[in-house]
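Chains as they are written, first to last, in the working numbering: chain Y, 1 to 216; chain D, 1 to 216; chain L, 1 to 216; chain G, 1 to 216.
Keep in mind that the hints were calculated from the coordinates and are not lab data.
There may be inaccurate statements among the hints.
If chains are identical, the list can't say which one is meant, so a pair holds when it fits in one copy or spans any two.
[To be verified] Here are the simulated lysine to any residue pairs, SDA-like style, with alpha carbons at most 25 Å apart:
1) K100 to W30
2) K132 to R181
3) K211 to R6
4) K2 to E209
5) K100 to D62
6) K153 to G113
7) K2 to G199
8) K100 to A35
9) K2 to L171
10) K211 to P145
11) K2 to P215
12) K2 to E148
13) K100 to N80
14) K132 to R149
15) K100 to H125
16) K100 to M202
17) K132 to N98
18) K100 to S57
19) K100 to A183
20) K2 to R28
Here are the chains, one letter per residue:
Number of protein chains: 4
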Amino acid sequence: MKEHVRPLPSYLTNRYHGWRATTYTENRPWYRRLADAGQHPRAMVISCCDSRVHVTSIFGADEGEFFIHRNIANLVPPYNPDGDHHGTSAAIEYAVRNLKVAHVIVLGHSQCGGVAGCHAMCSGHAPELDEKTSFVGTWLDLLRPGFERVKDKPETERVTALEREAVVISLENLLTFPFVRAAVEAGDMSLHGLWNDIGEGMLWQFNPESKIFEPI
Amino acid sequence: MKEHVRPLPSYLTNRYHGWRATTYTENRPWYRRLADAGQHPRAMVISCCDSRVHVTSIFGADEGEFFIHRNIANLVPPYNPDGDHHGTSAAIEYAVRNLKVAHVIVLGHSQCGGVAGCHAMCSGHAPELDEKTSFVGTWLDLLRPGFERVKDKPETERVTALEREAVVISLENLLTFPFVRAAVEAGDMSLHGLWNDIGEGMLWQFNPESKIFEPI
Amino acid sequence: MKEHVRPLPSYLTNRYHGWRATTYTENRPWYRRLADAGQHPRAMVISCCDSRVHVTSIFGADEGEFFIHRNIANLVPPYNPDGDHHGTSAAIEYAVRNLKVAHVIVLGHSQCGGVAGCHAMCSGHAPELDEKTSFVGTWLDLLRPGFERVKDKPETERVTALEREAVVISLENLLTFPFVRAAVEAGDMSLHGLWNDIGEGMLWQFNPESKIFEPI
Amino acid sequence: MKEHVRPLPSYLTNRYHGWRATTYTENRPWYRRLADAGQHPRAMVISCCDSRVHVTSIFGADEGEFFIHRNIANLVPPYNPDGDHHGTSAAIEYAVRNLKVAHVIVLGHSQCGGVAGCHAMCSGHAPELDEKTSFVGTWLDLLRPGFERVKDKPETERVTALEREAVVISLENLLTFPFVRAAVEAGDMSLHGLWNDIGEGMLWQFNPESKIFEPI
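Based on the sequences and whatever the hints tell you, model everything.
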């Protein structure tokens, strides 16, 4: 690995030293307590890897508040305990069973490259994603049922609608996990669906009665 | 889903409105440009879901800088294009092929509940994780080779050593992805391994020459 | 003090700026009037310091409504004008004589760490609280008469019963203050005893006829 | 007590039922978890009883975040383990020793009736507070050293200056508690001094270098 792993670029080293001399130093007691007493996050957030959406910023959340899983297009696969490595399912299991979070929040967003890729793939415009060897394509298969639901909408609305379906399908799939459903039905946990419009800085919330997203 | 999905707790709604009236409003041109021009992150970060480690804080990273995948124990599985859903591999593929990030940073941390669970499982003290139906246990199987490397260390050092092995094994597994290796060997991308001591606010960096972690 | 007093953590600074840009700005006329015309609260609330019980939330109380004293286990000491510093008695005197509140509400709650400590101390299981130098133990001495009343109950009911006794004893002690008794007997003020079940979100109210707490 | 303790006024009963049907119901999982897992507040806040200053509002703090002691004029007495009932000292001891909070925040405010009373008393204009039987006067004796520091200021600035001295003196007195000083000096806790201008919705922060309060 000698030739592959490198020291951190100095702009990051510099920023880390700055953080340590300021934010860390001012909050040292809190970091120490987090280290000693463990984490007690109130909520799990399932969010996209996208560099433009950081949930800690939107909700002014400090270290210790949110247990955050991030993957392409904030997708949750259906429950499938087949012994394979399932990173998303493992994160959910840990949050619900070990940390006993009170909320699971699925946060989608506008201009999602993953969702746009799924749309292109399902429309037949992205054969490279259809290859069995494409991890991105295979992952986005999880969102195919969403494409079926939106494919008859006008083209200008379709990708946004699919971004929101990514949230709804994840909520639906969450409920296929027996321990999620049990916690929700026992009143020990609640699910929440959000969609963030990056350019407008707006959060829209899934209303399960009307089945539409409404601005908060 | 009517009875399972709920509106956001009002303390989060309030904080969001506060964020929108301040941070968003002050940075609206930037958010608009991020929405219109797409993301161009410089680095991908593979980090743990743990609520105590937010890489954006440590590196003062704003929206648009880091493409962030977070899973239990910041693990990368080996390359395995078997057509199954691989969330971590999809995120890596998207970052390297689509976004062409210049760096992939694996960030481990102290007091990692996932790593402690792996240690307990491999030591025979967590039979529930050994069950084939445990997503957490199955996921942590990825770190079993690390346990073999640290099991003869003194008990007080073993879990920390395993937290660092989680970083090293992820770096090793990254290099099993042909497109990762190709990008690194072409000089288009570099890999970096970090371990964060939460209580001390310290970053330690993997030195591939000496194969040990050194404080930055 | 230079090395002991620190700037506020930035997550709180950010939230304050968010509050100022939203809640404060929307309610500026009310805050200005509160500043200019002084406070005219309708009730005094004596509540516990516990982070899980905020009376303003339960009663939707805005700025200006409740004059709130919070101490460990919502205790009122007996009237004792010995010239020492009595914070609780001072708060009561100010509320009754200066603010002429119409109600004094004592609000106890479930899972009270202070009451559990008193129970342990009186049962001989917390010698550290029995030390004369323990402020917590000395303060909880005020609740010893309550322990006498509940000690023969089954163990599973005893701590809850003692939490409710903390309310009753405070009401009794309130009536030892001549100005409290005078205001009550003149019909200018009434006393109220409540106990909040945190997990169930239930308020129970002391019924002075039956001497038991009943759900509201 | 039959004739002294009354049922809650119906406007409060109504609001409680409304809260239970909405806020509680939406957040039931969180309240249950707080009940089951106990509180882990990050900070203790020492604030005034004044009905116009609710720290949870300013900082968007939900149940579980702040352990809050409220007394007249947010005063901390000096360390004095004489075996008497000291409610403020007990709250501090519990927060520091049992809850191991990372921050203690003293929050003063404008238009403080307690501080104005102290000013009048020390200026010889409030003989009733000078009576040994006045709990308010005896309590405000704690702020007499502050009066000495501000008495030569112009009259228009003096009361505001004394409100801020109430914060500074409380910080000084906090450091007379051996367990407070030990926690601060070990880096496990930090102290913070704030003053809230009610009408302007502004927080000012004590700068221990310059010894003045500055707007945040």
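Hint by hint, here is what the structure shows:
| no. | hint | in the structure |
| --- | --- | --- |
| 1 | K100 to W30 | both (21 Å within a copy, 10 Å between copies) |
| 2 | K132 to R181 | between (32 Å within a copy, 20 Å between copies) |
| 3 | K211 to R6 | between (49 Å within a copy, 12 Å between copies) |
| 4 | K2 to E209 | between (56 Å within a copy, 6 Å between copies) |
| 5 | K100 to D62 | both (19 Å within a copy, 18 Å between copies) |
| 6 | K153 to G113 | within (19 Å within a copy, 41 Å between copies) |
| 7 | K2 to G199 | between (42 Å within a copy, 23 Å between copies) |
| 8 | K100 to A35 | both (19 Å within a copy, 13 Å between copies) |
| 9 | K2 to L171 | between (43 Å within a copy, 11 Å between copies) |
| 10 | K211 to P145 | within (16 Å within a copy, 46 Å between copies) |
| 11 | K2 to P215 | between (51 Å within a copy, 18 Å between copies) |
| 12 | K2 to E148 | between (48 Å within a copy, 22 Å between copies) |
| 13 | K100 to N80 | within (21 Å within a copy, 32 Å between copies) |
| 14 | K132 to R149 | within (24 Å within a copy, 34 Å between copies) |
| 15 | K100 to H125 | between (42 Å within a copy, 21 Å between copies) |
| 16 | K100 to M202 | between (29 Å within a copy, 22 Å between copies) |
| 17 | K132 to N98 | between (35 Å within a copy, 18 Å between copies) |
| 18 | K100 to S57 | both (23 Å within a copy, 24 Å between copies) |
| 19 | K100 to A183 | within (9 Å within a copy, 30 Å between copies) |
| 20 | K2 to R28 | between (35 Å within a copy, 16 Å between copies) |
Checked against the numbered hints listed earlier, the structure breaks none of them; every hint is satisfied.
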